Structures are given as C-alpha cells and as structure tokens.
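Enquirer: All chains, please: the whole structure from these sequences, using the hints.
In order, the protein sequences belong to chains A and B. So for the first sequence, the working numbering puts the first residue at 1; every next one is plus one. So for the second sequence, the working numbering puts the first residue at 700; every next one is plus one.
Misleading hints may appear alongside valid ones.
[What the hints assert, rightly or not] These stretches of chain A come out as covered by chain B in the derived footprint (C-beta under 8 Å, 3 or more residues): (1) 363-371; (2) 528-536; (3) 603-614; (4) 617-624.
[As the list claims (entries may be wrong)] Below, a list of computed lysine-lysine pairs in the DSSO-like style, where the Cα atoms sit at most 27 Å apart: (5) K1354(B) to K649(A); (6) K639(A) to K454(A); (7) K1283(B) to K357(A); (8) K584(A) to K1056(B); (9) K205(A) to K1354(B); (10) K904(B) to K1348(B); (11) K205(A) to K566(A); (12) K904(B) to K655(A); (13) K735(B) to K1272(B); (14) K1354(B) to K639(A); (15) K733(B) to K1283(B); (16) K560(A) to K205(A); (17) K1272(B) to K750(B); (18) K454(A) to K205(A); (19) K1338(B) to K1056(B); (20) K649(A) to K454(A); (21) K584(A) to K51(A); (22) K36(A) to K357(A); (23) K655(A) to K1354(B); (24) K205(A) to K573(A); (25) K1153(B) to K815(B); (26) K735(B) to K904(B); (27) K205(A) to K1348(B); (28) K1259(B) to K733(B); (29) K156(A) to K36(A); (30) K985(B) to K1153(B); (31) K1348(B) to K655(A); (32) K904(B) to K649(A); (33) K655(A) to K1338(B); (34) K1283(B) to K1259(B).
Don't read these hints as lab results, they were simulated from the structure. Only a predicted model underlies this, so the values are computations on that prediction, with no experimental measurement involved. Ideal Cβ placement from N, Cα and C applies to all residues, glycine included.
There are 2 protein chains.
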Amino acid sequence: MDLILLAPLGSIAALVFAFILSRQVLAASEGTDKMKEIASYVRRGANAYLKRQYKGVAIFFTILFAILIILAFLKFVNPFVPFAFLTGGFFSGLSGFIGMTIATSANSRTAHACTKSLNSGLRVAFSSGAVMGMVVVGLGLLDLSVWYYLLQWFYKALPESERIAQITSAMLTFGMGASSMALFARVGGGIFTKAADVGADLVGKIEAGIPEDDPRNPAVIADNVGDNVGDVAGMGADLYESYVGSIVSTSALAVAAGLGVQGVTVPLVMAAVGVLASIIGSFFVKSNENTDQRTLLAALRRGVNISAGLIAVVSFFLIRAVLGPQNIRMYGAVLSGLLAGILIGLITEYFTSDTYKPTQNLSGSANTGPATIIISGISLGMLSTALPVIVVGASVLLSYFMAGGATDVGMGLFGVGISAVGMLSTLGITLATDAYGPVADNAGGIAEMSGLPKEVRERTDALDSLGNTTAATGKGFAIGSAALTALALIAAYWDEIQTKITNGGIDYILDANILNPPVLIGLFIGGMLPFLFSALTMDAVGRAAQSIVMEVRRQFKEIKGLMEGKATPDYEKCIDICTRGAQKEMIVPAIVAIVAPLAVGLVLGANGVIGMLAGASVSGFILAIMMANSGGAWDNAKKYIEGGAHGGKGSDPHKAAVVGDTVGDPFKDTSGPSINILIKLISMVSIVFAGLIVKFHIL
Amino acid sequence: MDLILLAPLGSIAALVFAFILSRQVLAASEGTDKMKEIASYVRRGANAYLKRQYKGVAIFFTILFAILIILAFLKFVNPFVPFAFLTGGFFSGLSGFIGMTIATSANSRTAHACTKSLNSGLRVAFSSGAVMGMVVVGLGLLDLSVWYYLLQWFYKALPESERIAQITSAMLTFGMGASSMALFARVGGGIFTKAADVGADLVGKIEAGIPEDDPRNPAVIADNVGDNVGDVAGMGADLYESYVGSIVSTSALAVAAGLGVQGVTVPLVMAAVGVLASIIGSFFVKSNENTDQRTLLAALRRGVNISAGLIAVVSFFLIRAVLGPQNIRMYGAVLSGLLAGILIGLITEYFTSDTYKPTQNLSGSANTGPATIIISGISLGMLSTALPVIVVGASVLLSYFMAGGATDVGMGLFGVGISAVGMLSTLGITLATDAYGPVADNAGGIAEMSGLPKEVRERTDALDSLGNTTAATGKGFAIGSAALTALALIAAYWDEIQTKITNGGIDYILDANILNPPVLIGLFIGGMLPFLFSALTMDAVGRAAQSIVMEVRRQFKEIKGLMEGKATPDYEKCIDICTRGAQKEMIVPAIVAIVAPLAVGLVLGANGVIGMLAGASVSGFILAIMMANSGGAWDNAKKYIEGGAHGGKGSDPHKAAVVGDTVGDPFKDTSGPSINILIKLISMVSIVFAGLIVKFHIL
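Expert: Structure, rendered in structure tokens:
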C-alpha cells in the first residue's frame, strides 16, 4: 500500500473526530437565559471581528495574489504558487473560524457543566479545544494531500525522481498563504485581546475600582472576545503554519538528501500517525472532583503523554519500513524533537508557575514596589532563555548527527526537519490543551457575570488557573516548534537557492560563511527584526488600549445608572474600537514582515537573506521566550499574591504585581507570540521570492 | 622616519597633557569646609571601593596568570601572554585609578567654580574628564608600544615578514588582561552604582520623602561614589579595552592581508593622530553664561567635531603615505568608522533626549500609570535598535568593500578593523565629554548638600543635565565601538585559528557556514549569552539594593536625630555594603564570561566558537542599545515631567515616571554596558585559548 494515503486518511479522521466532538459540545446545555445572553454577546463580537478581519485580509490576499500571478507569468515563481497561496490562507482562516465558533459556543456550556461537576466542565472545555486541534491538523493535512495528489497528476509525465523534486519544490512555497493568514490572526488577535484587556483593567479595576469580569465594565465583553480571537484563532493559525511549514520543508530536504518519495512519505505519514495518536490520547483526559492544580494538570498531561508515547513507538516502525533498517538512526531525530517539545514545556512551567521558586520569588519582589517586580520579571524572563536554547541546540545537534550529518550534510538537515515534524506530531492534542484555556477563562467570566453559585465559580476558577499554565507551556511549545520549523525552512531555502542557481546557470557564489559581510550584516538586521516587530506591536497595543480607556471613561460618565447596574453598557462600541484598532495597527508590522526579506534580498543577495533568516531565528527565539516567560510569571505572581501571599488582594504588593501583570500582557500575548509568525513568514517570503532574488540583487 | 615611533610619542603627549590638565584642576579651590568634607567622604569611599576591588581582582589575576603560565609551558599559548595579561590588567586598572582620583577631586572644585561662572565650572569638569580620556589613550598606547618594541627586539633574528607575523599574533592575545579588568570595573562598578542609587531612592525619596542628594540619607554618599566607580572607572576600562582590542586585532588582520609592517603601522599611527587631534579639540570646549542645553551641548560637540575633522584630514595623507596611493580606498574605511560613531551618537540623542518627540511621548504615557510608561519605554528602546544596526551594517559593508574586499577578503576584513580604529581614534576627547558627566553630577550633589546659593545650583544643574545627554551618547559610542571591535576580533580569531591549524598540521575543517550545525548552535548560545548576562547583573543589583534598603531603614530607625539633621548618618556602612555586594555579585557573571567560550569550544569546536562570537555580537549589540536607550529615555522623561510637563513633580504621572527611571537604572548603567565587556571578553578568551581548542574538542 502507498503509505502516503495515510495523510488524507488521517486528515479525514481528524475532521470526522472534530465533527463528532463539536456535536457533543453543542449538545450540552447553555444554561440560564442570562448565560445565553452573555455568551451571545461574546459570540457576536468574535464573529464581527472575524468578518472585519477577513475583509482586510481579502484585500491583502488580492494584492499579493496579483503580484504572484505576475511573477508566475514572468516565471519567477512556480505557476501553482498563487493558487496554493490562496488555499493555504483559506484553510488557515477556516480552521481559525471553526475553532473560534466552537470556542465561543463552549464557554457558557462549560460554565453550565461546572454546575454538575468539575469533570463535566473539563470535558466540555477540553473537547472544544480538541475540535480546534483536530481542525488545524485535519485541514493542514487536507491542504497538503490535495496539492500532493494534484501535482502528482500534473507532473505524471515526468520520471519519479524528477517528479517528486518538482512537487516538493512547488509545495515548499505553499506555506506563504498560511503564514500570511497567521500574521493577521496572531498579530491582529494579539492587539485586539490586549487592547481590550489593558483598557478594561486600567479604567475598570484601577480607576473605577470594580472587579474583573464585572458586567458594568463596557470593555468586559471585548476582553472575552479578545481571549477567543487572540488565544484561540491566533494560536491556531500560528501552529497551523508551523505544522504545514515543517512538513513541506522536511519534504524538500528529503528530496535534497536523495531520499526521493520515501523521504517525502516520512513527514506526511508521521503527521497522520500523530493525528491518530492525538485522538486516542484525548480519551484519557478526565478528572475527579479534586480542584488541586497538580491533579488537574496531570489529567491533561496524561492525554499528551499517551499520544507522545504512541508516536514514539509507531514512528520507529514507520521509519524502519519507509527508509529501511539502514536509516533507523533517523528515528533518533524523531525522538529528539518529541523530547525537546516536552522539555521546553517543563522548563516554561518551572519558570512561570507559582508552584515553583522563580515565580514565588518574583512575587516577593513586589514588596519593594512596581519597579523591583518589573526588574525581577525581566531578569527572570532573560534567565529562562538559557535552558530552552540549550535544549533546542542539543536537539538540532542530535537530530543532525543521528541522521548521519557527519558524512552527509543533506541527511543531517533532513534529520533537523524530521525533529521539527516529530515535535509537531503531537499538535492535535497539544493544541487541544492550549485552546482549552480561553474557553475555561470565558466560562469563568460568564459564571461571574451571571452570578452562578460559589462552588461553580470555584470549579471554573480551577479550570481557568489550569488554562494559565497550559497557555504558558503552549507558548513555549509554539516558540520551540516555530524555531525548529524556521531552521528547517532556512535549510530548505538554501537548497532551493542552490537549485535555482544551478538550473538557471546564474553566476552567484552562495557563501553563508559568517565572516562574509552580506551574511554578517544579514545576521545583524535579522537579529534586530524581532525587536522592531515587538516594538511595533507593543506600541499598537498601547494606542488601541488608549482609545478603549477613553471610550470606557466616556460610557461611565455619559450612560446614566451604569455604575448602579441599572443600565447596560454599550459593549459593541468597545468591540468595534478594538477591531478597528487591530486592523489598522496590523498594517505596519505586516509590511515590515513582507518587505524586510525582499529589501535585504535585493540589496545583500541570497547570502544576506540566509544571514537575516538565521539572525531572526536566533534573536526571535530568545526574545519570544523571554517575553512569554516574563509575562507568564508576572501573571502568576499576581495570582500568587491574590492567593494570600505578601498581604493578598488590595495590598501594596498586590498593586505592584498588577503593574507587572499589565506590562506582561502585551509581552506574552501580543509581541512574544507575534515573533513566531515573523520568523516563519520571512522564511516563507524568502523562499517564494528566491527566483526573483537570485536574478536581482546588488551584492 | 619610522612612523610607528608616533605611537610612543602620542602616548607621551597624552600623558603629559593629562598631567598638565590634572595640575590645573587640582590648582582650583575646593570651596568651603563643608564642601571639602563631603568631597572627602566621596573620595574616601571611592578609594575604599577600588582598594577592595583590586584585592579581588588580584586573586582572579593570580589564578588566571598561573593557568596561562601552565598553558605557555605546554605551548598552547605564546610565552609572552601571561605577562602581557598582567600589563594589560595593570594599565587598565591604573587608568581607572587615575581617572577616578581626578574625578573625585574635581567634583567640589567644579561646584566651587560654578560660583564664579558657568564656563569656569564647565572647564574644571571637562578638564577632569579629559584627564581620564588622555590617560586611557596614553596608557593604552604605552602598553602597545612597549610590547611592540620589546617583541621587535626579541624576534630580531627573524626575517621581517615572519617577525611581524609573530609580533601581531602575540599582541592579539594581549587584550585579555584589559578585558578581564574591564569586566570587574564595568560589572562591579555597575552593580555598586545602581545598588546605591536604587537603594537610596527607594527608602529616601519614596519611603521617607526626602529629596535626592539629601545629606540625611545614609546611602547618598554611596550613590555619589557609585557615579565615579561605575561611570568613570567602569566606562574608562570598557573603552580602554575597545581601544587596545581594535588596534591589536586590526594589526593582526593587516598581516593576514599581507600588508606587513606597513599595515601594522596604520592603526597605531591613526591612534597617535587621534591623540593629537583630541588635545587640539579639547581647547575648543568653552561656553558663555547661557545655561540652555543645546548651547552647552554645542560647546562640547565643537571639541569632538574639530578632533574628528582633523583626523579625517590627516588620515588621508597617512593612508596614502603608508599604504601607497593604490590603497587609498582604505581611507573610505576610516571615514565610515568615524561617521558611524557620530551617527550612532546622534541617533541615541534623538531617542533619549527630551528635546525630541520619542522621550516627550514617553513622558505622556506616564499619564496612564507606571505600566504604560514601562511598556512604552521598552518599546522605545526596541525601536531605537533599528537605525544603529543599519548604520553599523552599512559601515561594515562600506569599509569592507572600500578596502577591496570584493577581490581580496583579507583586505576587506582589514578594512573593517580600520573602521573600528577610525571610530575609536576620537576616544581621547569622546571619553572626556563622557567622564565629565559624573563629575558634574557629583558637583550638583555637593552644591545641594552644602547649601550653595540657588544660581550656583542652577549652573551645576545645567552641567548635570548636559552630562545626562553625553552619558547617553557616550553609551551609544561605547556599544558601537564594542561591536566593531568584536567583529574585528572575530575576524582575527578566524585567521588565528587558520594559522594554528595550518602550522600545527591539525585535521580540522574550519567551516563557518551558518548551516553547519556547530556554527548554528553556537549562534543560538552566543545570542543567549547577553540575555543571561543581563539577567545575572540585574539580579545582582536587586540583591545588593535590597541590603542597602535594609541598612538605610535601620539607620533611620536607630540613629537618633538623623531625620532632624542633628546627627550624621553612617555613610561608610552603606559604601561598605555596596562594595561587598558588588564584589560578591561579580563572581558568577565573571565565571560565565570566561567559561562559556571555553565550554562551547571544547564541545562544539572552533566552528561553534565562531558562531557563538557572532551570535553574542549581534544580540549583545542590539540588547545593549535597547537597554541603554530605554533607560536613558525613562531618565529624561522623568526630568521632563519634573520640568513641569504632565503635572510636574509630585503628580501621579511623576510617580509613574520615577518607576520607569528606577527600572531604567540597571538597564542603562549595569546590564546594558556590561554587555559591551561580555562580547569583547569572550572574543579575547577565545583567541587566547585558540591553541587549546583546536587540539581538544568534541565536534
């Protein structure tokens, strides 16, 4: 049997499973009328946002499609690229849409299920997360499968080895659609969610002194919507891109390594195996009534670990069957990727969870005021970059040399790609644990706003706290996989450029030696890009939050009876402001991400581009970890104080911790995650425009 | 005439000029008894600190000297290295000592001179800064000249081309002594100054509500001492290291490029020309009674610009005479370095001075509280990295290609070295404008504490504000020159390793291709090191500041009559705590900086080291700029509010701005500047231990 058939089959399995899960979630009761009403606000707001976003995206895609069509006519890009660009964007957008629809439907249902038991709540929230996870991997594999078979048919006249080279080369460029969509989803969503969150907190909590999630706060619904558009749709699009990117780049590296169809089979089938393992693992996620965080976390972990274990076992036989016993060392690359994913998660947890020393000590530094907790938090984030760098470094080295890189560079680089695929093979269930978080968070909000009894809110709080931990580890996973994917993309770019130079008979010396000035300058520019990108996205949050502050103040002043709870605030106005803000503020970062690789390529040539990609991966990986972990630790240090440490809620240390948390918000939910997109997108843009750059460049 | 003779002559000229200036400074009156008393506290504290620091340093130097002696016996390092290591450390320490002695003598004299006129005050403060600048370049050139002639004599039996190769290869390793001393001066001084500053502010200004520089605050003298040990001695050692490092690496690159003695002559003579130009330029620094910042800044700028202009003119003829008209293009490298130094200064000023939009806008974000000013400040710092990266990148490209790198890589790399030397040739006067700052700052403190009349304090305030601006631009210059020096050192390391491999008949493939896994992993590890180093130094400040907080609180409580001004606080105790803290906290960062390059070398080999050095230079340069500019902008945003904007002193925005300023303190004065040392020191350590690493390594 042709094993590649497993890819479409896995895709169908994922989508069917997602469908079944979503039916289960939707079958649960939405609870009281009040709960339905609040949920409908959130749902409507999220849909309104997505509709607006897709409009903006449509303009962007139309322009880029036109450019790609022109380039295709001029033979600078493969003729399929413009269409693949559209399908990638479409499927990525579709998975965001489905994931968000189910998430905004599951929040009130989770809150209602919590009236029964903690396990019921966990099941509803986790199932809705699993829908997202399954849709992402299902649609990703579907997109890849359809194109794979289409190109097989199109190139059927060619001999096999040439055909597979054409196919992988074409498919390598297909990630750009997904990348572009991810940019809008992650950056736009990130700006939206933090503008709403910061705006709601600054006026509501600090100025007016009303609690979080209070329905009198006009920005409270926007805040809930933000959780969905940022943490569900944005995260999904981010990982969709990593998933597709790692598979297509590894396929291209397989062909470059001379492994032909067999090599291409491995990443696709490993992805399919991962889908099945994720489905099986998801059945093991259940809890008892114990709201203890470690027990709950163990419940989620069980699912992920079982999936990872299954993948570890099956891929041994898979590699042996497809690549032959002589290449069994390649299995080491799979394991190193899987292991690196798990280790980065654990390291992230250590630095950001308040059950460990770092975050506990951080909360202590709130005793001397906001300045010291900020300094300590930044220092914690910086310190936390060391181990992940060593883990990813060791994983790359191991996978390279296990794959035989010492004697065959091509095989070594293929090994690096395989380790990225290995890490991402658990995506179905990892993303489920991650997308679960915002649902639980929203459920807590709905429980609060609709005045559910105390024990229900205790349950939703327990689920929400768990969501904070999985959000932090999920971010670690997203960054780690983005870095590995980016490295695989860089290696694939190198091969692609080499092929272009050879086939085109072009006079260009490809030399990625660090001391070659264009490479070195590229390194510097690439290293700076994540800083620039973070600055732009943080400023965007600041400006958008500022307009929310103005609006909330206005409503508090102008709507009579609002503070007494007699009038309803104009929630939609706040959602609208966030939506506009996110759309507008996204433009500059998007231009930077698309134009920078082109500009560097046109001036410094392909060597400069290689340097830029490496520099951005290095500094982006490190900066993203730092920002995510600083932000996560501040968040949990605040929660730790709210739990009674250092004077508890309302004390001066608590106020200082709130400042830390507010600074951390754009760190961990906007700028940090946006960097993942940046490093993949600039690689994708470089790959797509490789044909143009080898012809036109100054140096 | 042998032009190299200009180097010892320049050295003597610098030292003589420094002597004359110091006599002038010391001839000025110290003012009232009260002023003398306060100045003597600061002087005694600074001397006590230095004494203790030199003791700690002596232990470190003894250990490393012993290791180097052993390695010299085993022929892993050149036999002169252990002794050169000592002289480098000694001269670097000596220039710090002299600079600090004159600075601590000049503060009360500056305050007293301000009773006469603004220009008198400026002249005293600037002259004492110029002593520091001249001592640094004078002793640097002296160290280099002595060794150059000593080695000439020692190797006199060898034919010229071989002799010069031996000399430059030996001298290349001589920077490590200066680097190690700089580490202690910069990191220790940085920890001292900010522990004292943050500690004094947290208890004095915020808890007890007494003004800055109030003599009742027990940490106030420690704070003044800190300005001297951090910003004078630390900055001096940092730039001494860049100065020596850029000259020795450029000499080595000259030999590698086949330019022989002529090539070695260029950097040494350019440095000598720079000394003379700096002496001439310093006569043009004078002001009228206008306390407007732009006018004052123009007075300082005049001196620097005249020096730079002189260097630009003379080096044209110098290059033409030494390298011949066929190499006149090398002059482009000189210009690009000079220009890059000036541009980085201007960019820094734009982002950190409150006469421009960025800092003004930053102060506006204090209106919504500490969280938003922190976010905006970090974002400002990140944004400000883009232009310096482009400037340095363009400068490297220009100097490489102007020098002929397109056809001859060796010449190109020599050009990069020359641009670093070009930038640093103005060091004598640039450092003068920079070391001037702490003197003016201290003068202000003394004027305040000894109750001088209002118009005197207005003058010292004007000088102090100017010092803030020159401190910020000085930091930009220090970072820029450190980055260029580090690049020259990396290129020299590459040559050195190649020579070692060839001469030793060692089987090692030197391959700095970015896709070579050891290089790539090295890049990641190197990229992470500045983050780790910053985290360690920030934590160190936090811990040391914490002990100061405890001590100040204790004194306020236990010393009766202190708050009423009837009793004197125990200043020395605070100085002692800062000193101990700085010494203790320096150990871990020092170990990281020395061990990291060795560990990377032993595991990843020379290729990994190249990657690590490049990664650290890239991320270190960017991170250092970000931290310096965020810190500078917060400082000036606070001053801008104190000047009356957004409610002025005591308002809520002002309190928020104080939080920003406190966060910025370790950013700009400890961690940021320490990164300069890190990137040069790991290069130096790698160069010294190159012989060891090419023999022992895993990959």
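Enquirer: The structure should be examined with respect to each hint, and the outcome stated for every one.
Expert: Here is how each hint holds up against the structure:
1. Counting residues of the region 363-371 of chain A whose beta carbon lies closer than 8 Å to any beta carbon of chain B gives 5, which reaches the threshold of three, so the coverage claim holds.
2. With 6 residues carrying a beta carbon less than 8 Å from a beta carbon of chain B, the region 528-536 of chain A meets the three-residue requirement, and the given coverage holds.
3. Counting residues of the region 603-614 of chain A whose CB falls under 8 Å from any CB of chain B gives 3; the rule of at least 3 is met.
4. Three residues within the 8 Å Cβ limit are the bar, and the region 617-624 of chain A against chain B gives 4, so the coverage statement holds.
5. For the hint linking K1354(B) to K649(A), the alpha-carbon distance of about 22 Å falls within 27 Å, and the restraint holds.
6. At roughly 19 Å between alpha-carbon atoms, K639(A) and K454(A) fall within 27 Å of each other, so this suggested pair holds.
7. At most 27 Å may separate the alpha-carbon atoms for a hinted pair to count; K1283(B) and K357(A) meet this at roughly 22 Å.
8. For the hint pairing K584(A) with K1056(B), the CA-to-CA distance comes to about 22 Å; that is within 27 Å, so the pair holds.
9. A hinted pair counts as satisfied when its Cα atoms are at most 27 Å apart, and K205(A) with K1354(B) qualifies at roughly 19 Å.
10. Restraint check: the Cα-Cα separation between K904(B) and K1348(B) comes to about 12 Å, which is no more than 27 Å; the hinted pair holds.
11. Taking the CA atoms of K205(A) and K566(A), the gap is about 19 Å. The hint holds against a cut of 27 Å.
12. This hinted pair checks out: K904(B) and K655(A) have alpha carbons roughly 19 Å apart, not beyond 27 Å.
13. Proposed proximity of K735(B) and K1272(B) is supported: the alpha carbons are some 20 Å apart, at most 27 Å.
14. For a cut-off of 27 Å, the pair hint linking K1354(B) to K639(A) stands: about 25 Å separates their Cα positions.
15. Restraint check for K733(B) and K1283(B): not satisfied, since their Cα atoms lie roughly 34 Å apart, outside the 27 Å limit.
16. A C-alpha spacing of about 20 Å is found between K560(A) and K205(A), which places the hinted pair at or below 27 Å, so the restraint holds.
17. Between K1272(B) and K750(B), the direct Cα distance comes to roughly 16 Å. Compliance with the 27 Å bound is thereby established for this hinted pair.
18. Distance restraint check for K454(A) and K205(A): the Cα-Cα separation of roughly 21 Å lies within the 27 Å cut-off, and the hinted pair is therefore satisfied.
19. Only pairs whose Cα atoms come within 27 Å are accepted, and K1338(B) paired with K1056(B) is accepted, the gap being roughly 14 Å.
20. Taken as a hint, the K649(A) and K454(A) pair is honoured in the structure, with Cα atoms around 18 Å apart against an allowance of 27 Å.
21. Among the hinted pairs, K584(A) with K51(A) is consistent with the structure: their alpha-carbon atoms are about 15 Å apart, no more than 27 Å.
22. Taken as a hint, the K36(A) and K357(A) pair is broken in the structure, with Cα atoms around 41 Å apart against an allowance of 27 Å.
23. As the CA atoms of K655(A) and K1354(B) are separated by approximately 14 Å, the hinted pair is consistent with the 27 Å bound.
24. A threshold of 27 Å between alpha carbons decides the hint, and for K205(A) with K573(A) the separation of about 19 Å falls inside it, so the pair holds.
25. Pair hint K1153(B) plus K815(B) holds up; C-alpha atoms about 13 Å apart against a cutoff of 27 Å.
26. About 25 Å separates the Cα atoms of K735(B) and K904(B), which keeps this hinted pair within 27 Å; it holds.
27. For the given pair, K205(A) sits about 26 Å from K1348(B) by alpha-carbon distance, which is consistent with the 27 Å threshold.
28. The hinted pair formed by K1259(B) and K733(B) meets the criterion: a straight-line CA distance of about 22 Å does not exceed 27 Å.
29. Annotation: proposed proximity of K156(A) to K36(A) is violated, straight-line Cα distance about 55 Å (limit 27 Å).
30. The straight-line distance between the Cα atoms of K985(B) and K1153(B) is roughly 23 Å, inside the 27 Å bound, and the hint therefore holds.
31. Restraint check: the Cα-Cα separation between K1348(B) and K655(A) comes to about 22 Å, which is no more than 27 Å; the hinted pair holds.
32. Distance hint between K904(B) and K649(A) is fulfilled; the C-alpha atoms sit about 26 Å from each other, no more than 27 Å.
33. The suggested pairing of K655(A) with K1338(B) holds, with an alpha-carbon distance near 25 Å, which does not exceed 27 Å.
34. This hinted pair does not check out: K1283(B) and K1259(B) have alpha carbons roughly 32 Å apart, beyond 27 Å.
Checked against the numbered hints above, the structure breaks hints 15, 22, 29, 34 and satisfies the rest.
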